[in-house]
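If you want the building blocks of each chain, they are given just below.
There are 10 protein chains.
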Amino acid sequence: MSARLALTEKILVNKARLGLNWKQIAAELGTSSPIIYTSALLGQFPLAKEEAARAAHLLQLSDADAALLTTFPVRGEGCVMPPTDPLVYRFYELIQNYGMAWKELINEEFGDGIMSAIDFNMQIEREPNPAGDRVKIGMSGKFLPYKRY
Amino acid sequence: MSARLALTEKILVNKARLGLNWKQIAAELGTSSPIIYTSALLGQFPLAKEEAARAAHLLQLSDADAALLTTFPVRGEGCVMPPTDPLVYRFYELIQNYGMAWKELINEEFGDGIMSAIDFNMQIEREPNPAGDRVKIGMSGKFLPYKRY
Amino acid sequence: MSARLALTEKILVNKARLGLNWKQIAAELGTSSPIIYTSALLGQFPLAKEEAARAAHLLQLSDADAALLTTFPVRGEGCVMPPTDPLVYRFYELIQNYGMAWKELINEEFGDGIMSAIDFNMQIEREPNPAGDRVKIGMSGKFLPYKRY
Amino acid sequence: MSARLALTEKILVNKARLGLNWKQIAAELGTSSPIIYTSALLGQFPLAKEEAARAAHLLQLSDADAALLTTFPVRGEGCVMPPTDPLVYRFYELIQNYGMAWKELINEEFGDGIMSAIDFNMQIEREPNPAGDRVKIGMSGKFLPYKRY
Amino acid sequence: MSARLALTEKILVNKARLGLNWKQIAAELGTSSPIIYTSALLGQFPLAKEEAARAAHLLQLSDADAALLTTFPVRGEGCVMPPTDPLVYRFYELIQNYGMAWKELINEEFGDGIMSAIDFNMQIEREPNPAGDRVKIGMSGKFLPYKRY
Amino acid sequence: MSARLALTEKILVNKARLGLNWKQIAAELGTSSPIIYTSALLGQFPLAKEEAARAAHLLQLSDADAALLTTFPVRGEGCVMPPTDPLVYRFYELIQNYGMAWKELINEEFGDGIMSAIDFNMQIEREPNPAGDRVKIGMSGKFLPYKRY
Amino acid sequence: MSARLALTEKILVNKARLGLNWKQIAAELGTSSPIIYTSALLGQFPLAKEEAARAAHLLQLSDADAALLTTFPVRGEGCVMPPTDPLVYRFYELIQNYGMAWKELINEEFGDGIMSAIDFNMQIEREPNPAGDRVKIGMSGKFLPYKRY
Amino acid sequence: MSARLALTEKILVNKARLGLNWKQIAAELGTSSPIIYTSALLGQFPLAKEEAARAAHLLQLSDADAALLTTFPVRGEGCVMPPTDPLVYRFYELIQNYGMAWKELINEEFGDGIMSAIDFNMQIEREPNPAGDRVKIGMSGKFLPYKRY
Amino acid sequence: MSARLALTEKILVNKARLGLNWKQIAAELGTSSPIIYTSALLGQFPLAKEEAARAAHLLQLSDADAALLTTFPVRGEGCVMPPTDPLVYRFYELIQNYGMAWKELINEEFGDGIMSAIDFNMQIEREPNPAGDRVKIGMSGKFLPYKRY
Amino acid sequence: MSARLALTEKILVNKARLGLNWKQIAAELGTSSPIIYTSALLGQFPLAKEEAARAAHLLQLSDADAALLTTFPVRGEGCVMPPTDPLVYRFYELIQNYGMAWKELINEEFGDGIMSAIDFNMQIEREPNPAGDRVKIGMSGKFLPYKRY
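Chains as they are written, first to last, in the working numbering: chain P, 1 to 149; chain B, 1 to 149; chain V, 1 to 149; chain S, 1 to 149; chain L, 1 to 149; chain D, 1 to 149; chain E, 1 to 149; chain H, 1 to 149; chain U, 1 to 149; chain C, 1 to 149.
Calculated from the structure, these hints are not laboratory results. Any given hint might turn out to be false.
Calculated pairs, BS3-like style, for lysine-lysine (alpha carbon to alpha carbon, straight line, at most 25 Å) [what the hints assert, rightly or not]:
1) S:147 / P:136
2) V:136 / B:147
3) E:147 / P:147
4) V:23 / D:147
5) B:136 / B:23
6) E:10 / B:10
7) H:147 / E:136
8) D:49 / S:23
Could you put together the complete structure from these sequences and hints?
What follows is the structure, given as structure tokens:
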């Protein structure tokens, strides 16, 4: 297990032990979205130095841990593919079932290129519904065209 | 290659040969979303009998092909995982990089359960932007709670 | 593609073209359960000679096809694992999430051994429910104990 | 090994060392089914705070362990696929041999959709039989229809 | 599909169509064991020229097919691993469950080396038993010691 | 590494350190076959309480270890597939080369069904031979017929 | 085999039969780089309508083939990973051996982000060298920074 | 985790804790390229004895660690394939999308052979660009022709 | 199946049908080693134009086939890994069992680098031996040192 | 990590720390080839008791380690396939590119059978060459014919 993955485990255990939740943690760390801060603590984004210091204080981490939180992580570590967890798997299923249609429709609308996963932002919200509340996800990624040369 | 996959190939070739596009095809088939019709023609949704007849007419398919379009397809056929196509891969990458954070935040907000990929709808739109237009995706899936028994 | 898989494809296409359904087909073939006959036509059980003749007649298959239906099939051909189809995948998910608990509880109740998947029968029924009908599945497999020697 | 998997190992070792069985443990933890409690202790369901406290007391776990038992687990961790254990494998074999038939019959009866693995319950019972007792499994999952939009 | 695999499919289809069985076929081909002849026709042993001629006559194969039956086959083609067929899988399961014990006991008895799978012979017999007949398999392989140099 | 796999490692190390062999150990543990006892100590069979106590004494294991030896193991743990060890691999090779022939011959002789790997016993013997001694393996498994319902 | 892959095979066979080379073909098709045109004919870029018409003329393809050349291809089809061909494998090896260092150095120089593989261009040249000519490759990809939101 | 991989982890943690960067480290170690030194510390090149001593001093490693840095590493350890990290994945994507074209063009220019990944050097530079700076990579590998014998 | 693989199949079938052997074929094609010519016909080396013409004549191939034989093949196509054929598998086993030792000894003798598989030649001979003839293989590959830059 | 793999790591670390080389070590252990002793210390051969004692003395191993060195190892542990290390990979590549030709030529010369990897020996030598020294490898394995029964 990499040092960064071990730190993710420590963060999850300490968060449980201390009774914290992600929204609280995000609010303490800074002004970015809870998605950014949760991802960062799970090893998918680097934190700025002061953010890392606050995270270390809140989650009872060492100075070495805080230093590690500021490094550029090896993204994707810690997410098994195909996902075994049903919540995460459903997104994988969406790709299997809709992925080729997304490609056809995005190419038809925008031409040859892709939606960036880097110049990208997203929100997750609760959508109240009498038949059962819904998870509402909004994604926006820059269209990047392939260029001839 | 399954009969349904072979039909998908035939549809793609005929669409190219006939110079059709998905939006036109969808508008001719009925009143559902282009995402539904594109997915259906790619083997991810069954069509109603009249829709299949219209598709067969438009895409120069046989009666047997039209019959096949009304059957319940084996979803997921025809999408290689991990996706080799960059446009489709970016969605896979989003799961690898954000999946565990999505899980943490959805569980924190809704409790133990998942976002349904069945009671689910979505839209893809062009989001004009001076720094380059963006692909905007909206998803909405019913939250399904695990129940104790 | 094996000759038997190609026959399965032919059966599925002809069934669609002829507008048949599995319950009708099963009723015509003999007195076993529709699960047996559907599985058999999908390449998971051999048919008796007369059953195969009736199937060939009903589904417009050749004599060679009928002969093939009476052979011992290579079971498991034609089902991709992990299943890409959401309906089939949910059973796979049940194993991932409950499999180890099933093992613990069956071993605790019966001792060291397994539930047979050979001396086994099952039913699938509709369970009416005001909150949405349910799929009810009943399985019964002989417990086979490991024996010391 | 994730912190939650390590806790599962600790639970299994302590259970063996203390001579406990799952039925006893379930009866002590609360009023849900032994399937729920066994799954939960194996990392497939979160426990309520008091349940976790009782589990920790019974199985000689620490407070941090108890906290971990109340978190939303990454389901599916700890079950190797394909299963190497014969008892668990037989369920996998059932999917390989019957899965496509289940799909055909459920789609034919209910239309386009799936059996939920979330809005789902099950029982495992001993079925006495002179030729050898049988394992009887009952499953019931809500049918979820795909909807057009 | 390789030419040899396609020939295996043709042999299986013709055997079914002609109503032949392996014991008959083996008796017609020559004096070796039915295991040898069945394996050979399934692409796991080369046949002698006259044996191939007899096989071609019996199974209605072409001269080119007969020539192909005399070539050194790429053994192992046509057997999916792990086996999806329950009968074949049980042998795979025996390796998973007993393989390391076989190693320990053979090494303890014979020293450092292996049982040859080349200088090897075997028989399969019916073992009558009032509690249900049994499949009796006898294997004998030369022990090959690793040598120092 | 699971607690049971770690115990297997400890058993192998202590056996080496104490200069024991499997035949001796088996003779001390009870009256079952050395195959059973070797497999059990490698994590493939549970031991009875007294057997586990004797094993713990002989191999210098702790009481917790002895308790673990009496639990129902997750069979198949600890055997990599395909096997990297040549001795174990040869059995895997036998399946690849002969598996489909075994299926054809057993189905032809017994009908539709399998050889049980549960109601199963086996022996390994030295077969003296002037050209080099041979490993002789005898297996006997109950034939289990598929039943119609 | 997808229709596009089959067309790639046809292009390679016709190119060989007609004695053409990629540089000639590229020069005839238009003003983009030979890398673009070679990739396009191998199914990795769409061609403009007139380019496709010229390619069809040159390589003796049908009108339907020409239409297919103008569609948005499923990139990555037709390249096995890991590559079995030594020339292609060496690039794979470079990633295995240098990939993590590239990441460290690019992140250190540019911050958190990636080199685009879409807004990307490259050249391949012969670098004369008395000790043996060298393959010189130049790549340039836009740096895309991850953005906070 | 191998001893060398564990040392890589230690190096990454100490580098973060000590606030060092790769360019500084490389400048202190010797006169080779930062790519060589970064790769070496990540386990992809051996260091000379004095270089290892300097690295150990700088990164607070033990004498045993320094000795390990001088050994011939098992290259490729520590880089998961396909890469989960987006920065590293983009290079993998380049192979999938361009690899077959590279092969065609290099073979056409140089004949039958490969570009060496051993007699190979490379540079990574920042290419200033008003539309966003670019990552510029130059690679040069000796062409190695296959020879007849 | 690629066009080149299909040609390999045709060559193997025609060779069997025409009763040719590789040594004869090699002698007719030119002056290189039978290893080169056998590999080339199996899709692992390009042939010169006249060699291809002779091969086409000898093996009754078409002009298009001959043209294909002169192209640069995608090496490695047609060899399944791990090899299912016992003869080929034994070489794979040698790597698994000796590969790390080869690395240690070659690095110790030559320094940091590899044995080239491109600037490489080999012979296979029969080594007569009263205890059973032996296969004698000689390989010689240029040592390629990694260079610092 | 198995106990034997952990011992291999310890041996590699101690060898580096103590500044030993394999030729020295081999000369101290006994009269077999350095290939045998290097392989044995890497977990691919058992050592005799006295050899293990000498190895333990030389490499500063414990008595338990020495005992472990005399056991029959699980060969193949510790060599990742496909090999990520370029030196080891080149042998893997040789199989991919030449394996089917080796099979054809050995079968043609010797008949149906294999080259033994057990009754096998080999040498690695430096072959001086003005164009760059070469690695010369000689292998000799007994031909083992398949026998009819």
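Against which earlier hints does the structure fall short, listed by number upward? As far as the earlier hints go, not one is violated by this structure.
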